[in-house]
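Asker: Note that the protein sequences, when read in sequence, are chains A and B.
Note that numbering that gives the first Met the number 0 has the first sequence beginning at 0, numbered continuously upward.
Note that numbering that gives the first Met the number 0 has the second sequence beginning at 0, numbered continuously upward.
None of these hints come from the bench; they were simulated from the model.
Positions of the beta carbon are idealized from the N, C-alpha and C atoms, including for glycine.
Some hints here could point you the wrong way.
Only some residues are given here: those of chain B computed to face chain A with a beta carbon under 8 Å [claimed, not checked]:
(1) M288
(2) E332
(3) F335
(4) L398
(5) A400
Which stretches of chain A does chain B cover? Using the computed rule of at least three CB atoms under 8 Å from a CB of chain B, they are [as the list claims (entries may be wrong)]:
(6) 107-120
(7) 126-138
(8) 257-264
Just the calculated beta-carbon pair ranges, DEER-fashion [said to hold, decoys possible]:
(9) B:E406 x A:Q144: 53 to 63 Å
(10) B:R233 x A:E233: 28 to 38 Å
(11) B:E309 x A:R259: 47 to 57 Å
(12) B:A442 x A:R191: 13 to 23 Å
(13) A:Q194 x B:Q160: 52 to 62 Å
(14) A:R259 x B:A302: 40 to 50 Å
(15) B:G205 x A:R232: 18 to 28 Å
(16) A:P247 x B:D284: 40 to 50 Å
(17) A:R259 x B:A264: 56 to 66 Å
(18) A:G40 x B:A302: 53 to 63 Å
(19) B:R441 x A:T91: 35 to 45 Å
(20) A:Q194 x B:A236: 33 to 43 Å
Listed below are the residues making up each chain.
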Amino acid sequence: MKHLISIEDLDRGAIERIVMQAERFAEVSDREIKKVPALRGRMVLNLFYEASTRTRSSFELAAKRLSADVVNFAASGSSVEKGESLKDTVLTLSAHKPDAIVLRTPWAGAAELVSRWCSAAIVNAGDGKREHPTQALLDVYTLRQRLGQIDDASIWIVGDVAHSRVARSNILAFQRMGARVTVAGPPTLIPRGIQELGCEVRYTLDELSSADVVYALRMQRERMSETWVPSTREYASWYQINARRLTPRQILMHPGPVNRGVELSGEVVDSPQAVITAQVEAGVVVRMAVLYELLAGAREAPLAGTGASATGNGRPAKVPTGTPVVPAVGAGRPG
Amino acid sequence: MSVKEPLICGRQVPAELLLREVHVLDPRARIDARRDLRVRGGQIAELGEPGSLDASADEELIEGHGRLRLLPAFFDPHVHLRTPGQEHKEDLESGTRAAAAGGFAAVIAMPNTDPVLDSAPLLRSLRDAAAREARVPVGFLPAITRGLEGEQLSEMAELRQEGALGFSDDGKPVRSAGMLRKALQYQRLCGGVLALHEEDPTLSRGGAMNEGAVSAALGIAGIPTVAESTMVARDAALAGYEDARVHFQHLSCAASADAVADAKARGWKVSAEVCPHHLLLTDEDVRGMDTSMKMHPPLTTEADRMALIEALRAGTIDCVATDHAPHAREEKEVPFEQAPMGSTGLETAFAALHTSLVLPGVIELALLVERMTAGAALFELPTPSIALGGPADLTLVDLDAVWVAGEHGWESRSENCCFAGRQLQGRVLLTIAAGTIAHRDRALAMVDA
């Protein structure tokens with residue numbers, strides 16, 4: 000794997016490999032010194048064109064735990080505000096020879112474009128409303144922690160599917176892992192043609208009890224003013240996941256940040272069914288696994304069965320063999 | 000209303016040449032045979048049996064070997080020459096050079112320039128510039144409403160006196176039915192076809208591609224086809240009510256073609272055009288998010304494409320127009336949603352349609368030639384034809400020549416062509432526009448060899 004741009008580029012084997020790698024890295028997070036030298040001397044550039052605290056800090060932490068150098072470049076307050084194009088920004092920053100660029104933009108397809116303009120490994124940290132593949136991977140990781148395996152699980156993704164890159168990546172990833180996916184939400188926020196991705200579509204939560212996992216999406220406040228739905232109140236009364244709708248055996252997920260009282264009621268956020276903080280925790284280890292896969296894994300022995308990326312040559316990476324991935328050299332003794 | 004000569008061209012050098020043993024095809028003139036054709040003083044002077052004419056010393060001889068086709072030159076009622084104000088994308092010279100390279104002997108330029116072409120002084124200065132620079136005759140459609148803002152009519156009568164061919168707010172719809180109705184009424188005074196870009200902005204707003212499975216998969220906001228078809232239906236009804244003449248630009252979907260067919264069945268004075276990209280590409284071609292595939296109206300589904308081909312064949316859609324819309328490289332080299340709408344098309348239109356519609360037998364070559372020349376009459380101009388004594392508006396093509404679009408660059412100043420990189424069959428070797436040689440392919444020198 001040269002880049003991580005879309006879940007479409009990953010087959011089940013590739014997803015499992017990353018998730019299993021993340022499981023090994025989880026052990027590092029429990030150590031007193033939470034750092035390994037796997038990517039020592041490598042440089043990870045966080046290039047963010049949208050405000051993001053969680054995703055950016057999660058990538059930053061992941062890179063630092065692997066001993067990589069991290070540079071954060073936010074579009075606001077930079078040359079971008081002086082009119083520099085995405086291409087010129089990338090070319091300029093490439094002069095610093097980053098090994099990986101973690102890219103978040105409001106534009107679909109931007110990660111793929113950038114991968115053509117520079118030699119660094121590109122990690123898509125959100126391209127417009129298209130995809131957010133590391134979110135999907137950490138969600139798969141979290142679910143596997145809970146369920147063991149996802150095959151045949153029924154997963155409902157509820158809310159503003161139209162404006163959600165998380166929804167698109169997760170529909171693909173959950174299905175790759177054998178789950179059945181249903182999307183549900185107000186008809187104004189379910190894009191025409193979404194069922195072509197293989198998911199079912201519902202406009203009410205009447206059959207929500209059939210779900211094993213309920214994945215609520217963030218309902219952005221500005222969507223109300225754009226009259227996608229009549230009011231927050233009406234949205235909440237029809238689509239809020241609350242104690243009345245959530246059955247005790249169901250797992251509740253949410254990509255954060257939560258609007259309490261809108262898409263989720265306060266009591267379900269705090270319930271033991273909610274794995275929302277586990278998702279955040281998973282974010283770091285899964286992003287460690289992704290960076291490791293792209294920057295260290297790609298040089299290992301090839302193995303068939305990896306998904307070719309849209310632009311790269313699909314160089315496969317090493318499948319973990321159960322031995323600790325943490326290199327012995329200087330383990331646990333950084334700096 | 001008396002108008003000035005509506006088509007303006009640069010320097011005229013009347014062609015003197017003999018085209019020997021060319022296969023002449025002009026469906027309107029009912030010619031489909033080998034002929035020798037002499038152009039003298041820019042006019043078609045002789046049309047004889049193959050091998051019957053000999054070149055004199057002062058004329059160029061081009062041998063067709065019975066293989067090269069001589070067609071009436073094409074007419075494009077919809078191009079963007081970007082002048083004034085956006086000459087970094089295209090200008091009158093480069094745009095008409097691209098037209099000539101595509102076999103077009105005349106084009107009609109749209110008014111969405113900077114400033115907008117909406118006043119007589121600006122039209123005068125543009126016509127002056129065209130008289131200096133244009134390689135093929137150019138006509139202009141000034142704006143229906145001032146600044147394309149849909150608030151107030153432009154001075155249509157004065158513009159007509161200064162040579163406006165008609166009017167268009169292309170790039171934008173005339174949003175208000177009441178405003179369009181006033182323009183249609185005013186047409187009784189000043190004449191001139193109203194060419195309409197049909198789009199309901201309340202339906203299309205925010206969209207960057209056709210709404211459907213592909214937009215859902217890409218997470219790009221979609222434009223539903225009803226954004227166009229409902230406006231076509233509305234404006235056809237307005238034209239019918241006012242007994243006015245309208246032309247629907249760049250139809251993109253089955254529902255719009257149906258609306259036009261319905262209007263024609265009622266006897267309303269409507270006509271329509273379709274672009275090569277809507278006849279040959281679909282929203283599946285947007286999956287790679289190549290910004291050359293981003294245009295307005297967007298590429299639609301296969302079912303729409305099939306319906307458009309059928310409508311063109313049946314005559315519901317009268318003519319082919321390229322909507323040649325150049326944009327600079329840096330403007331298009333951005334993420335898909337940020338990119339401006341439009342693809343260039345003049346240089347590839349004939350070859351692309353020949354390759355994908357004529358060669359597989361979907362439509363006849365004669366019908367394609369008819370539809371690529373029909374735009375002239377829709378704008379009350381003489382149709383290019385191969386007739387003795389008439390002006391030479393001719394295109395010589397090699398239907399066997401295989402080439403890759405853009406492999407040797409473009410005559411256009413921009414390179415945002417949706418067919419770039421595709422292998423095409425059929426190449427324009429020579430274009431004579433208004434009696435002057437406007438384009439000559441490098442390969443032409445090799446024909447005799």
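Asker: When you take the CB atoms of A442 of chain B and R191 of chain A, is the distance between them in 13 to 23 Å?
Answerer: Once the Cβ atoms are compared, 47 Å apart, the range 13 to 23 Å for R191 of chain A and A442 of chain B is violated.
Asker: Measuring from beta carbon to beta carbon, are G205 of chain B and R232 of chain A in 18 to 28 Å?
Answerer: holds, 25 Å
Asker: Hint A400 of chain B vs chain A: min CB-CB distance below 8 Å?
Answerer: violated, 32 Å
Asker: Verify the CB-CB distance for Q194 of chain A and A236 of chain B against the hinted window 33 to 43 Å.
Answerer: Distance hint for Q194 of chain A, A236 of chain B holds at roughly 35 Å.
Asker: For the pair P247 of chain A and D284 of chain B, does the Cβ-Cβ distance stay inside 40 to 50 Å?
Answerer: holds, 49 Å
Asker: Does 35 to 45 Å hold as the CB distance between R441 of chain B and T91 of chain A, or does it fail?
Answerer: holds, 40 Å
Asker: Determine whether the Cβ-Cβ distance between R259 of chain A and A264 of chain B falls within the hinted range of 56 to 66 Å.
Answerer: Taking Cβ atoms as reference, R259 of chain A and A264 of chain B lie about 59 Å apart, which means the hint holds.
Asker: Does the hinted range 28 to 38 Å hold for R233 of chain B and E233 of chain A at CB?
Answerer: Distance hint for R233 of chain B, E233 of chain A holds at roughly 32 Å.
Asker: Taking a Cβ-to-Cβ distance below 8 Å as contact, does the stretch 107-120 of chain A have at least three residues touching chain B?
Answerer: holds (count 5)
Asker: State, for the Cβ atoms of R259 of chain A and A302 of chain B, whether the hinted interval 40 to 50 Å holds or is violated.
Answerer: holds, 45 Å
Asker: Under a C-beta cut-off of less than 8 Å, do 3 or more residues of the stretch 126-138 of chain A approach chain B closely enough to confirm the stated coverage?
Answerer: With 5 residues closer than 8 Å to chain B, the stretch 126-138 of chain A meets the three-residue bar; holds.
Asker: Does M288 of chain B pass the interface check with chain A, least Cβ-Cβ distance below 8 Å?
Answerer: Holds: closest Cβ of chain A sits about 4 Å from M288 of chain B, inside 8 Å.
Of the numbered hints given earlier, the model fails hints 4, 5, 8 and 12; all others are met.
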